[in-house]
Amino acid sequence: MAERGRVIVIGAGIIGAAIARSLVRGGSDVVVLDRGPSAGGTSSSGEGNLLVSDKGPGSELELMQRSLELWREIGPQLRDELPSGFPGLELEYKGGLVVATTEQGAQGLREFAAQQRTAGVLAEEVGEEQVRQLEPDLTRNYTSAVYYPQDAQVQPVIATESLLASARSGGAQVHQGVEVLGAVTSGSRITGVRTSNGDFLGDAVVVAAGPWSGQLAAKLGASLPVKPRRGTVMVTTRMPQRIQHKVYDADYVGAVGSGAADLQVSSVVESTAAGTVLIGSSRERRGFDDRIEARVLAALAAKALLLFPFLSDVAVMRAYGGFRPFMPDHLPVIGADPRVPGLWHATGHEGAGIGLSLATAEILTRELLETPGENPFRVDRPSLQPYLEEAA
Amino acid sequence: MSEKACQVLIIGGGPAGMSAARAALAGGAQVVLLEAGDALGGQFWRHLPESRKGGEEQVLHHKWRHFNTVQRELRDDPGCEVVLGAHVWAIERPDGGQAPAVHVMVGPPDGADREPRTYLPQSIIFATGGQERTLPFPGWDLPGVYTAGAAQALAKGERVAVGQRVLVAGAGPFLLPVVTSLIRTGATVIGVAEASGWKRLAKGWLSRPWELAATRSKAGELGGYLREMVHHRVPYRAGTTVIAAHGEESVESVTLARLDADWKPVPGTQRRVEVDAVCVSHGFVPRTELALTVGCTVDAHGFVVVDDQQRTSVENVFCAGELTGIGGVDLALAEGEIAGATAAGTQPRASVVKARNVFRAFAERLQTAHGIRPGWQTWPEPGTTLCRCEDVTVGEVREVAAATQARGLRSLKLTTRAGLGPCQGRTCGRNTEEILSSCGLLDPGRTARRPIAIPVRLGELAATTSSQREETP
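Which chain is which? The protein sequence lines are P and W, in order. Quick note: the first sequence uses the working numbering, first residue 1, plus one each step. Quick note: the second sequence uses the working numbering, first residue 1, plus one each step.
Chain P extracted, bound-state conformation (with noise of 0.2 Å):
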């Protein structure tokens, strides 16, 4: 399905900029289309976590594990070919440390960890001395704690301008402030998009509107069950750094592999280069309801300062929240729709779309320009069948 010609990436955040830079790598002439300016929705409204310790065996590990080799190499790719007034990408290898506060959390953890750790996880169980060493202002009333150096964090607006600049300098043409309103067909096949600013035409639509892409993907003849799921995170005032590791409480991952639509809470503290510290995160599905809530910021910051007590005294400044394409099945999509020739999807990466954007770039160039492989997250798995046919 070598389609080398011209790709219209639908989407201006991480995942579309991704895309874009590796496809125009790959010869493509590209085009990023955009309702909102860049990295205006969910990209801008997360941590940027790049975290292999929230996942458990499986296809997505996979991803995440590829995406830190790829963040490896393209990092310092980026800082050798952006101009030098573009600001740094905050890249930082600074490990995670998961916290169970209770003796049934620790079990869950310690079992968690095994797992892990036979997919190539570094999941090191820590004693009380080490975590002091880590973390000296944790808590200490935890049962168990367990170290991840592979975890890692980058500011994920400049990672998406970066990947933008990127794909910009090699030719790609971005449009911001340009709304898709339907599909330009030829026969059953996609051959273009309707905009508010005139037809572009393609040899291939890639949807990549993270929990936008349902209403996107539906406006091009397509059904997609992406739904978004609401995030909150509260920043601090600077301070000068306490917190080294990105720290979480064990029920982080609980909530990360739930489906449930109603609050859950579990707390999410690192420091950002800045200074600040970042406190999240709530999980909460209720559509594209945009309100920030003080149950809501009351619920983080206690379940904040049962990991660092120390903050009680620290001043939060500003909340921001977002909205995480979630997929039923707890997979992205990434691959071509078999349904409408032509049309591409890349999105459903929930909280975790900065860390696993490079791969996921890397493998729909890979469908897109050389030939389709094995691909877990292809949008005729078995696993989406069933919501497919609901959505349609």
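A portion of the hints provided could be inaccurate.
Stretch-level coverage of chain P by chain W, calculated; a stretch enters the list once three of its residues show a Cβ under 8 Å from a Cβ in chain W [what the hints assert, rightly or not]:
no.: 1; segment: 160 to 174
no.: 2; segment: 305 to 312
From the derived model, a few chain P residues whose C-beta atoms are all more than 10 Å from chain W [what the hints assert, rightly or not]:
no.: 3; residue: Q104
no.: 4; residue: P149
no.: 5; residue: V157
no.: 6; residue: E293
no.: 7; residue: D380
Have a look at the derived ranges for each label pair, beta carbon to beta carbon [what the hints assert, rightly or not]:
no.: 8; chain 1: W; residue 1: D110; chain 2: P; residue 2: G221; range: 56 to 62 Å
no.: 9; chain 1: W; residue 1: T368; chain 2: P; residue 2: T185; range: 21 to 27 Å
no.: 10; chain 1: W; residue 1: A300; chain 2: P; residue 2: Q215; range: 26 to 32 Å
no.: 11; chain 1: W; residue 1: G375; chain 2: P; residue 2: S258; range: 34 to 40 Å
no.: 12; chain 1: P; residue 1: Q241; chain 2: W; residue 2: N357; range: 38 to 44 Å
no.: 13; chain 1: P; residue 1: F288; chain 2: W; residue 2: A300; range: 22 to 28 Å
no.: 14; chain 1: W; residue 1: A402; chain 2: P; residue 2: G27; range: 55 to 61 Å
no.: 15; chain 1: P; residue 1: S188; chain 2: W; residue 2: P382; range: 38 to 44 Å
no.: 16; chain 1: W; residue 1: V273; chain 2: P; residue 2: Q241; range: 44 to 50 Å
no.: 17; chain 1: W; residue 1: A402; chain 2: P; residue 2: G221; range: 35 to 41 Å
no.: 18; chain 1: P; residue 1: D289; chain 2: W; residue 2: Q347; range: 34 to 40 Å
no.: 19; chain 1: P; residue 1: Q215; chain 2: W; residue 2: G295; range: 18 to 24 Å
Hints in this document: simulated from the structure, not taken from any laboratory. Ideal Cβ positions, reconstructed from N, Cα and C, are used throughout, including at glycine.
On the provided structure of chain P, position chain W as indicated by the hints.
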């Protein structure tokens, strides 16, 4: 955390909020008035605390007697609860047509035991006022460069003069009372530089003079300031401003330049003047974060859009005072009265509606005569600080915007860090947006959005989950 129901909740205890409270009470409503400071009066009636009362408040404050009367009425009315030290940190737009829930911390900002409260009002009136807008120029962050408002606050609230040789620069009639306050606290004001030229001033103030007759009290107030300036031989220069401040430890001199109609400096007109303090004020921006969070529609200048009854686009939500346009105390008093009466379910007095319309026209004159012009963007140098909190320069912001070609403020804030510090863009937000406007921003106005309205400690936030619910009628 206690949850309290109330009929009319008013946020902001300045002229607009006090006037709203009084009118709502007169309409028979039960009223809660929230004020973040430790006294009513707002910025306009800022005064010495009761404990060290000054004898000359009536001299320093316009309409001081009126303030005292209203303050007494509110204090004595059993239907009115005035809550001082009330910091609204979050507000929520509920489902359906109810008024928003308002989350408040009561107590001194740095106090350990602030009391969390949630109000569930039937109607809400925002009277959160405005704050000064200071445009950046080289040296604007030097010690000795004050906002005119800060100088005014020091004079009114502390009786302290900011310097001995003081230059006042910026735009608008607010420069005049600052001069008066400075003179009365013993400073020598060596001049006033008004950025707008005579031609624009005339267009704003001299057209349709018969309309101005209705604003006699306003004219009288300004006339008083002018007389005092003339008496003290303070030179007033139109079409002139400070485009740079110089000094090692603090300001020692400034560069004055003549400006063209767009506020671009006219080449060859620059001259140095020695000073030991500069007060600058280029205009005002409304404090709209609460109104924006609940979804009130704003106009292109960022002011909340209201109808003739001061209703916003959100049901049961009203706005009064500087939030709807910068018009000074008379407009704020009239708008407050209309909002308060309407929120209580009564008709506002016809005379006050008329007064509001007259003073609104006055506010439009202000904008015509003194509104900020884009030429200011030529004053800063690349190294001039734009965002003081995060130490971001004008040059850095322009460079990053050019490199990323981003058209979204959210992205640009996060790549440049402008507006991300403790003040959350209150000082630099509008300036940053204008500097970036050439990028073709797709989400203008974004820097005014702040779902957390003031910083709150995590311990305080966490405590709101566990406390009890208490309903009062």
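Verification of the hints:
Given a C-beta distance limit of less than 8 Å, the hint that chain W covers the segment 160 to 174 of chain P holds, as 6 residues qualify and 3 suffice. By the rule of at least three residues with a Cβ nearer than 8 Å to a Cβ of chain W, the coverage given for the segment 305 to 312 of chain P holds, with 3 such residues. The claim that Q104 (chain P) lies off the interface holds: its Cβ sits roughly 22 Å from the closest Cβ of chain W, which is beyond the 10 Å cut-off. Against chain W, the non-interface label of P149 (chain P) holds: every CB pair exceeds 10 Å, the least being about 27 Å.
Its closest Cβ contact with chain W, about 4 Å, brings V157 (chain P) to no more than 10 Å, contrary to its assignment away from the interface. A beta-carbon of chain W is positioned within 10 Å of the beta-carbon of E293 (chain P); the least distance is around 6 Å. Non-interface call for D380 (chain P) relative to chain W: holds, since the shortest CB-CB distance, roughly 35 Å, exceeds 10 Å. Range check, D110 (chain W) to G221 (chain P): about 59 Å between beta-carbon atoms, so the 56 to 62 Å window is met.
The beta-carbon spacing between T368 (chain W) and T185 (chain P), approximately 54 Å, falls outside the hinted interval of 21 to 27 Å. Separated by about 29 Å at the C-beta atoms, A300 (chain W) and Q215 (chain P) satisfy the suggested range of 26 to 32 Å. For G375 (chain W) and S258 (chain P), the Cβ-Cβ distance of about 56 Å falls outside the hinted range of 34 to 40 Å, so the restraint is violated. For Q241 (chain P) and N357 (chain W), the Cβ-Cβ distance of about 56 Å falls outside the hinted range of 38 to 44 Å, so the restraint is violated.
For F288 (chain P) and A300 (chain W), the Cβ-Cβ distance of about 26 Å falls inside the hinted range of 22 to 28 Å, so the restraint holds. Between A402 (chain W) and G27 (chain P) the beta carbons are some 28 Å apart, a value that contradicts the proposed interval 55 to 61 Å. One distance hint, 38 to 44 Å for the beta-carbon pair S188 (chain P) and P382 (chain W), is violated here, with the actual separation near 55 Å. Hint check: V273 (chain W) to Q241 (chain P), Cβ distance near 45 Å, so the stated range 44 to 50 Å holds.
Distance hint check for A402 (chain W) and G221 (chain P): the Cβ-Cβ separation is about 39 Å, which falls inside the suggested range of 35 to 41 Å. The hint said 34 to 40 Å for the Cβ distance between D289 (chain P) and Q347 (chain W), and at roughly 37 Å that hint holds. Against the hinted window of 18 to 24 Å, the Cβ-Cβ separation of Q215 (chain P) and G295 (chain W) comes to about 22 Å, which satisfies the hint.
When the structure is compared with the earlier hints, violations turn up for hints 5, 6, 9, 11, 12, 14, 15 and for no others.
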